[in-house]
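Could you build all of it, start to finish, from the sequences and the hints given here?
Residue numbers (this note's numbering): 1 to 265.
Think of the hints as simulated: they come from the structure by calculation, not from any bench.
Heads up, a few of these hints could be off.
Simulated DEER-style distance windows between Cβ atoms [stated by the list, open to error]: (1) A140 to S171: 15 to 25 angstroms; (2) F35 to G245: 36 to 46 angstroms; (3) A140 to A257: 11 to 21 angstroms.
Ideal Cβ placement from N, Cα and C applies to all residues, glycine included.
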Amino acid sequence: MASSCTVLFGFSLHVLKYHRNKHQPHRPLMYEFNFPYNTEKSPSYEITVLTQLSGGMYSALINSTIDCFVSILLLHICAQLKNLRTMLNKLVDDLAKKVISSAEFKERLATITMRHEHLIRNAKTVDDCYSAVLFIHMLAATFQLCFESFQVFTIVSNHLNISVIRVAFLSFYVVLVLTHLYIYCYSAERLLIESTGMAYGVYECKWYDISSKDAKSLMFMAYRSAIPLKLTAGKFGTFSLEMFGTTVKTSMGYLSALLTMMDKT
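Quick look at the structure:
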């Protein structure tokens with residue numbers, strides 16, 4: 001949605017420019033390119049602008065859909081893990097209150113364990129499918145933050161004759177890149193917390209009110225939950241709020257280097 005708004009915002013700027021220059025010989029396009037036909041004449045110009053607008057909208061929509069889809073998958077797994085934790089606590093409480101028998105406890109615990117393993121496989125499938133793509137996305141976001149921030153800083157510091165709307169557009173684009181990166185990092189952070197939270201759920205339940213034989217059955221889930229579920233960036237790093245801070249810090253480091261080089265020249 002945010003990417004689509006960015007394209008619409010850019011299109012609004014283009015419409016304003018079009019109305020200002022509609023009586024001039026040159027008619028600007030959204031994306032300048034050497035076309036094999038004359039784009040200055042109608043209806044070639046209108047068709048070209050409409051095609052570029054549609055392509056930009058669809059590209060932004062596809063990019064945003066992938067971001068939202070991966071995040072929703074991770075948050076869905078987090079919600080299911082939280083539900084399992086609640087079910088486990090209720091199961092132990094029922095056994096402690098003698099509401100269910102030991103045999104029924106083991107049967108329902110096996111169902112919870114199988115569901116837990118299913119969620120673990122789902123998380124690993126998401127990581128295997130998107131790890132390489134997210135690594136490229138993380139690198140692109142790092143350099144985009146650097147170069148776009150450098151462009152905004154150059155415009156402001158050098159007092160260039162640039163419209164306020166264009167500066168606002170660049171600033172909004174920087175915020176958009178940060179938001180997309182933060183969504184990934186936040187979703188992965190929640191996955192880390194909820195996956196290890198299953199082990200804490202075992203510790204927090206009333207295992208001390210049930211027999212030692214039944215309590216030992218809970219240890220398998222505690223051991224399995226000690227290994228956190230992760231969303232990796234090409235197996236080189238793990239998405240988390242710490243990575244978000246590191247990425248922003250790295251981008252600002254590159255920005256500082258560019259500003260130093262600009263001052264020396």
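Tell me, which hint numbers fail for this structure?
none
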